[in-house]
Amino acid sequence: MNATRKALAAGLAALSLLAVSACGSDSESGSTDEVEVFTWWAEGSEKAGLDALVKVFDDQNPDLKFVNGAVAGGAGSDAKNVLQSRLQNGEPPATFQAHAGAELTDYINAGQIEDLTDLYEEKGWNERFPEGLLERLKQDGGIYSVPSNIHRANVLWANPAVLEKAGIDAGKTYDSLDAWIADLKKIKAEGIIPLSIATDWTQVHLLESVLLADLGAEAYNGLWDGTTDWSGSEVEAALAKYSTLLSLTNTDRQGLDWPDATQLVIDGQAAFNVMGDWAEAAFQEQKKTLGTDYTATPVPGTDGVFDFLADSFTKPVDGPNPAGTEAWLETIASDEGQVAFNKAKGSIPASTTADTADFNEYQQTAIKSWGEDEIVSSLAHGAATSVNWLTDITAAVAKFGSNNDVAELQEGLVEAAEDNKPE
Amino acid sequence: MSSTVPSAVKRPGRSQRPRRPRGRRPGGRGWVAPVLLILPTVIVIGVFVYGLIGSNIHTSLQDRHNIGPSQGFAGLDNYRDLFTDDDFIYSLRNLLLYTATFLVGTLSLGFLWAWLLERKARGESLFRAIYLFPMAVSFVASGVVWRWLLNNAEGDRASGLNRLFETLHLDFLQNPWWTNERWGILAIAVPAIWQLSGYVMALFLAGFRGIPEELREAARIDGASEWQLYRHVIFPQLSPVALSAIIIIGHMSLKVFDLIMAIAGQTNYTTQVPATQMWVEFTRGDYARSAAIGTVLLLIVAILIVPYLVSTYRQERRQ
Chain S
1 MNATRKALAA
11 GLAALSLLAV
21 SACGSDSESG
31 STDEVEVFTW
41 WAEGSEKAGL
51 DALVKVFDDQ
61 NPDLKFVNGA
71 VAGGAGSDAK
81 NVLQSRLQNG
91 EPPATFQAHA
101 GAELTDYINA
111 GQIEDLTDLY
121 EEKGWNERFP
131 EGLLERLKQD
141 GGIYSVPSNI
151 HRANVLWANP
161 AVLEKAGIDA
171 GKTYDSLDAW
181 IADLKKIKAE
191 GIIPLSIATD
201 WTQVHLLESV
211 LLADLGAEAY
221 NGLWDGTTDW
231 SGSEVEAALA
241 KYSTLLSLTN
251 TDRQGLDWPD
261 ATQLVIDGQA
271 AFNVMGDWAE
281 AAFQEQKKTL
291 GTDYTATPVP
301 GTDGVFDFLA
311 DSFTKPVDGP
321 NPAGTEAWLE
331 TIASDEGQVA
341 FNKAKGSIPA
351 STTADTADFN
361 EYQQTAIKSW
371 GEDEIVSSLA
381 HGAATSVNWL
391 TDITAAVAKF
401 GSNNDVAELQ
411 EGLVEAAEDN
421 KPE
Chain P
1 MSSTVPSAVK
11 RPGRSQRPRR
21 PRGRRPGGRG
31 WVAPVLLILP
41 TVIVIGVFVY
51 GLIGSNIHTS
61 LQDRHNIGPS
71 QGFAGLDNYR
81 DLFTDDDFIY
91 SLRNLLLYTA
101 TFLVGTLSLG
111 FLWAWLLERK
121 ARGESLFRAI
131 YLFPMAVSFV
141 ASGVVWRWLL
151 NNAEGDRASG
161 LNRLFETLHL
171 DFLQNPWWTN
181 ERWGILAIAV
191 PAIWQLSGYV
201 MALFLAGFRG
211 IPEELREAAR
221 IDGASEWQLY
231 RHVIFPQLSP
241 VALSAIIIIG
251 HMSLKVFDLI
261 MAIAGQTNYT
271 TQVPATQMWV
281 EFTRGDYARS
291 AAIGTVLLLI
301 VAILIVPYLV
311 STYRQERRQ
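From first to last, the protein sequence lines are chains S and P.
Counting with full-length UniProt numbering, you get residues 1 to 423 for the letters of the first sequence.
Counting with full-length UniProt numbering, you get residues 1 to 319 for the letters of the second sequence.
Hints may be right or wrong, so weigh each one.
As the list claims (entries may be wrong) - Facing chain P, a subset of chain S residues (Cβ under 8 Å, in silico):
1. 80
2. 391
3. 395
Simulated from the structure, these hints should not be mistaken for lab results.
The beta carbon of each residue, even a glycine, is placed where N, CA and C say it ideally should be.
Can you build the whole structure from these sequences, using the hints too?
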C-alpha cells in the first residue's frame with residue numbers, strides 16, 4: 001500500500017512538473033506597453049549602439065517599456081534560429097533586426113513580416129531616406145523594413161608604415177586590381193603578409209569586392225538579377241584574380257575572425273585588409289589616427305562605388321504590440337535615433353536629414369561617398385541575395401579556400417545562381 | 001559454470017512459488033504501482049524521443065526547403081539529393097576517417113595506460129587523476145584551446161604546436177593541421193583522443209582489476225609465459241570491456257559536432273561532417289534536407305548501437 005502511494009506521488013509529481021513546464025511558454029501578460037526588440041547586438045559597439053537607441057526611445061515614448069530580446073552568439077545565426085522558431089510558433093517579438101535587402105526575402109515569402117509602404121507614406125519617410133536606398137529596400141514593390149544605419153563594405157585598410165618599409169608610397173591609390181596585385185607581390189617579397197584575411201565569410205567579402213572591382217558596378221548588379229552570366233569569361237577572369245589575391249594572404253586564415261585580420265594591419269604584420277567600415281571601431285579603440293597610423297580607401301577598382309549594407313527593423317505579422325512596434329520604428333527613422341545609434345556604432349545615418357557635423361573623420365568621408373557614389377548591394381552581408389543563395393556561395397568559397405580550384409569555384413557559383421536565381 | 005547455475009537457481013524457486021500470490025494485493029493491483037512509476041518516463045521518452053524521431057523522418061520526406069510551410073510530399077528525393085552531392089559524400093568520408101582514428105587512438109592509448117598502471121606503476125592514483133581529468137572539460141572549452149594549439153601558421157607567426165615544433169627544431173612536423181583537404185579531419189581527432197583516452201583507461205583498469213588473482217596464479221602454475229597469460233587469460237576477460245569502450249567512443253564520434261564548431265567553425269569545408277552540415281542546412285531554413293541528414297546520422301549510429309543492444313539483451317536472458 002505504502003509503495004503504491006509513493007509511486008502515485010512520484011508519478012503525480014513528474015506529471016505536474018511537465019504541466020508546469022508546458023504552461024511556462026504562454027506568457028499571456030496582456031500588458032501592451034512592452035516593446036520587445038529582438039537583435040543579436042549583445043556586445044561591443046553594437047551593444048553601445050542599441051543602448052543609445054533605447055535612450056532615445058525612452059525619451060520619445062515615456063509610456064512604453066523597452067524589452068531587450070537580444071540573443072548572443074554565432075554571429076547572429078543563433079539569434080536567427082531562435083527567431084525562426086518563434087515566428088513559426090506565432091510568438092513574434094514586437095520587432096526584429098535584419099539586414100536590409102534580399103535577406104528579407106524568406107520572411108516575406110513566408111508571410112512573416114508586414115509591408116510598410118503605407119507607413120512610409122503616412123510618416124513621410126520616403127522624403128527622409130535617399131532614393132537609391134529606398135529602391136534597394138523594395139521587394140515586389142513593397143518596403144518591409146526601416147534602416148537604422150549604413151555600412152560600407154568596400155573599404156581597403158592599410159598600414160602606411162608597412163608600405164613605406166616595402167618601398168611603396170603610402171599615399172598611392174590604385175585604379176585597378178592588377179596594379180594593386182603587383183604591389184602586393186613586392187610586399188610579399190619583403191616577407192610581410194601583403195593582405196590579411198580571416199575565416200569563410202571574410203573570404204566571401206573579399207570575393208565580392210573583387211567581383212565589384214573587376215566587373216564594374218553594372219555587371220556586378222547583374223549577377224544578382226540574372227543579366228550577368230556567372231559562367232562567362234568576365235567572371236572567370238575575376239575569379240582568377242581572387243585566386244591570386246588569396247595566395248597573397250596569411251595561411252592561417254581559417255583560424256581567425258575579422259578582428260584578428262584587422263589586428264594584423266594595426267600591428268604592422270600585414271599591409272592591407274579588406275573589411276567593412278565597422279573595422280573603423282577597432283582602429284579607434286586602439287587610439288590610431290586616420291592618415292598617419294592607417295588609411296581607409298575604396299578597394300582598388302571600386303572608387304566611386306559604395307558597396308552598402310544596412311541593419312534594419314521589421315514589423316512581424318500579428319505582433320504582440322503593433323502600436324509599440326510603430327513607435328520603435330519611428331525612433332529608428334527619427335534624426336535623434338539615427339544620430340545616437342550611428343555615433344555609438346561607427347556607421348553612418350541612413351536618413352539624409354540627420355545632423356552629422358560631429359561625426360568622426362572616417363565617418364565624414366563615408367557620408368560624402370554615400371551622397372555622391374553609385375550604390376550597390378553587399379553580397380556577404382545579406383543585401384544582394386537571399387540567405388539560401390549566400391549559404392551556397394559561402395560553401396563554394398570555403399571549398400575553394402582548401403583546394404584552390406578556380407574551375408570548381410566557378411562551377412559552384414553557377415550552380416548556386418541556378419538554384420536560387422529570382423525568376 | 002553454465003550447467004550448474006540454473007539448477008541452483010531453480011530449486012529455491014520452487015519453494016518460493018506459493019509465496020508469490022501473497023505479494024499481490026487483492027483485486028490485482030500489483031501492477032499499478034510499477035506502471036505508474038514508469039509511466040512519466042514512458043510518456044516523456046515517447047513524445048520527446050520517439051515522437052520527435054518520427055516527426056523528423058516525416059519532415060525529411062517533405063518538399064520543404066525554406067522557412068515557409070511544406071510544398072508537399074517529396075518521398076525519398078531529399079535522400080537521393082544527399083547521396084548524389086559530393087559535399088555530403090566528402091563529409092561522410094570525413095566522419096569515417098575521424099571515427100576510425102578516434103577509436104584506434106583512444107583504445108590503444110587507453111589500454112596502454114591501463115596496462116602500465118596495472119603493472120604497479122608508482123603514483124598510480126596521481127596518474128589516474130591526470131589521465132581522467134581532460135574528460136571533465138567540455139568539448140567546446142577544450143576546442144577553444146585546441147583551436148590555438150592547432151593553428152596552421154608557420155614560420156614567424158606560428159603558434160601552438162607549430163611553434164613548439166619550430167623551437168624544438170622539428171620543423172618538418174609543422175603542418176596545416178585541420179585545413180588540409182584530405183587529412184584535415186584527423187587533426188580534430190587529436191583533441192578528441194586526448195580527452196577520452198583517460199576514460200577508456202579507466203574502463204580497462206576496472207577490467208584488469210576484475211580479473212581474480214587466482215586465475216593468473218593458476219595460469220602461472222600451469223607454466224604459461226607472460227604472453228600466453230595475456231593471450232589466453234587476460235584478453236578474453238577484457239573483451240566485454242573493449243566492446244563497451246568501442247560502443248561508447250564510437251557513438252560519441254559519430255555525433256561529433258561541438259569540437260568541430262569550436263575549432264573550425266560551421267562553414268569550414270575541410271572539417272565538414274554530417275552533423276555540422278545538418279546545422280548549416282537548418283540555419284538557412286532548408287528543413288527537409290537538414291532532417292534527412294539527421295535521419296542518415298541516426299541510421300549510422302543505429303548500425304553500431306543496435307547489434308550491441310541485441311547482444312547484451314541475449315546475454316542477460318542467458319543469465
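(message) Under the constraints set out in the numbered hints, which ones does this structure not fulfil?
(response) Checked against the structure, no hint fails, so every one of them is satisfied.
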